[in-house]
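A.B. asks: Listed below, chain by chain, are the residues.
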Amino acid sequence: MPEPPVFASQYVSIPHRDHSAELGMWVFIATEILLFGGLILAYFVYRHAFPQAFAEGSQHTDILIGTINTAVLLTSSFLVAWAVEIFSAATAKIVTWLLVGAACLGLAFIALKGIEYRKEYHEHLIPGIDFQLARPLANGVQLFFVFYLIATAIHAVHMLIGICLLLTLAIISRRAPTTRHHTALHSAALYWHFVDVVWIFLFALIYLPGRAAS
Amino acid sequence: MSEKNYLTTDYTLRSWLLTTDHKRIAILYFASLIFFFFIGGAAATAIRIELATPQADLVSSDIYNRLFTMHGIIMVWFFLIPSIPNTLGNFMVPLMIGARDLAFPRLNLMSWYIFMLGGCTALFAILAGGIDTGWTFYTPFSSLYSNSYVIVAAAGVFIAGFSSILTGLNFIVTIHRLRAPGLTWYRLPLFLWSLYATSVILVLATPVLAITLLLMATERFFGVGIFDPRIGGDPLLFQHLFWFYSHPAVYIMILPGMGVINELISCFSRKPVFGYKFVAWASLAIAGVGFLVWGHHMFVSGQSLIASLVFSFTSFIVAVPSAIKVFNWTATLHKGSLRFDAPMLYALAFIGLFTIGGLTGLFLACLAFDVHATDTYFVVAHFHYIMVGGMVTAYFGGLHYWWPKITGRLYSEYWARTAAILIFFGFNLTFFPQFILGAEGMPRRYHVYPPEFQVWNVLSSGGAVILAVAYLMPLVYLGYSAFFGARAPANPWNAPGLEWQTSSPPPEENFATQPVVTREPYQYNEAFEAEPQNA
Amino acid sequence: MTQWRPPLALVGAWLGLLALLALTVALAYVPLGAGNAVVAMSIGTVKAALVAAIFMELRHRNGLTLVFAGAGLFWLGILLWLGLMDFVTRT
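Just so you know, the sequences run in chain order A, B and C.
In terms of full-length UniProt numbering, the first sequence is numbered consecutively and its last residue is 214.
In terms of full-length UniProt numbering, the second sequence is numbered consecutively and its last residue is 535.
In terms of full-length UniProt numbering, the third sequence is numbered consecutively and its last residue is 91.
Check the hints yourself; a few may be wrong.
Listed next, with one range per pair, are the computed distances between beta-carbon atoms [stated by the list, open to error]: (1) C:L80 with B:Q523: 44 to 50 angstroms; (2) C:M41 with A:R135: 54 to 60 angstroms; (3) A:S13 with B:T518: 21 to 27 angstroms; (4) A:V100 with B:G134: 29 to 35 angstroms; (5) A:T168 with B:T9: 30 to 36 angstroms; (6) B:I306 with A:Q132: 37 to 43 angstroms; (7) A:V100 with B:Q514: 39 to 45 angstroms.
It is worth saying that the hints were derived from the structure and are not from the lab.
Even glycine gets a Cβ: it sits at the ideal position worked out from N, Cα and C.
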């Protein structure tokens, strides 16, 4: 049986391949920054137009769930960074469990997010489906919730993709991990940390405003 | 021809559909783009036939709206943006840097499948009944009022965007990481500098279009107000987000063309490109400054006066690197040993047409003039001079120049020159009268007009017939050449670039041995013989 | 057998991030007027920088990777700067 090539023929060495993969991932992250950037611009434009309504909208979100979720995601990122750091044939089993743990934390995040959505639905805070709020701030609060729902939904989609990636890598690198698996894990980890960073900013924009006023 | 090349390694359909060879993926893109080009072209033809008379004789106003929207969407996203990067670029980038393939070959194939999925989605929207918003999807018309397939068409564009991003990502990493030994940045052919600049725009602007279309579709689907002023939204936010992508996208639609022109002008003048470093950095300057000018599409929209002033100023700035390129191309011609083969005819046509398109762009960057010219045929003529006169001309020029390398066959020089000249005349006859129509005040996007505009419209429609025939001609003689043309030698133009130092068509692995670059691009000796970059 | 233990830098970053999270939530309840938004965004930026430098290993990377990582932020700056310019200068 012929040995599969260690790296594709357009590369001259394994580090050459790995550095290219890392650069590619950073280009992709730059793209992602601007994807969320459009939303951030919309947020600031409307926050500038309706400062009180945005503070009011923020108070309707659940800061307890938001804070727990931030901690969950930061911890998950830590586990992934740990797995990348110690990745080797000798530690394959621990790496697998770290990745499974990180993915489970990701699922916990999604579950908590679902509980929060449900709560907001019962409070009639979902624009387009069921939104009722006394005037005069209703317009601005509605824009806040549109931003909130779109941004967190897109973030959740990124989370789900990340969870699939982590679980796939946990399974395929379970035994006989190779340098290819390490490169793949490294790229997936960059993506996972990026999703974490997005959440750090969404948390500051969604949950924190308007807390001190009341 | 006993040696295997990339075309003859395998003949099965499977070997094409699952290929990761950048050369075959370029051919896949090429075939797909021809298809979209003629669909977009058919819509343009219908528009010009309708406009031959002042009355509505072919279509209703509703159908007319759907026609120009279909023309715009197909031509912008499914022809112009992928045109040179994904066909000529895909084929030539690894060859010109002496690499075996792009950095991520499977991503490259995936990009084509995503593109086809986006294209089919857009085609479905058209077949289902079309879309009438114009290619710009302006809210609130698109999100609240339009009774057409807005979400499906936007989904097609959204999906195709990912294909652009993946291609841009692939080119950036490839040009950084896979250059042959000795190929420093200042030894790169200028085509690669311009593709690099294009890729930067693709990667950084396209995601903003994606989120913009997503917001628009959300507003339409859920009936929530995002850009709806009745509940406090701002329609201008949509325009800002849209043009943050779409103005840089204009540079996606011209920079690769400028890149091709460098290769053609140099080869057919037998001289290095004048002021290489200025031309190289001008590409990046256009890509960078191009992100600062988008508000000039919104001078009459009601944005703040300060914003208009700033965007007007930056729009003048972006003309500087474009002018540097035009001056340097003309200086390259000076005292060159000029040959007027078909690719050179396209290159010369490009310089003239791009100059007209660029200078009229400066008219439009003036606030006072723009107020009068907004939404008139002046604007239509201006951007067609850039996109069709510039980009499509460069695409045809590049296609003829590299045709022997891609197919390993020669085409009929007589027919190629005839088509080039016809395209030049047909194009000018079609679009120059539109400058006059616009200056006289004829608004765009109407299918009826006052009778005093008819003379210029008839001239324009007549030109469109010539242009349509001229665009069909290469389909015939290049198609014939692909199967029955004479075999091409490795370096038919006697050019110095690395892509000409391997056989035609190239073998699957591109080069028999890894080329080592020893000199600057575009070098010729006193006898005007090429000095190959790797010798 | 120590090869599975996480490096101290990672643990430190993780604990630091959790501490900053607690700090930012606490400060959000202190009335600072416009200062609340500044504090929230500043602490968010510090947290993001920690993740980028330590979890994403940017502190070990050379200029090119840093440029790639910074490019997205730079262009985000252009989008926010010129995009907001219109809205804050409307009369």
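A.B. asks: List in ascending order the numbers of the hints, as given earlier, that are violated by the structure.
C.D. replies: 2, 4
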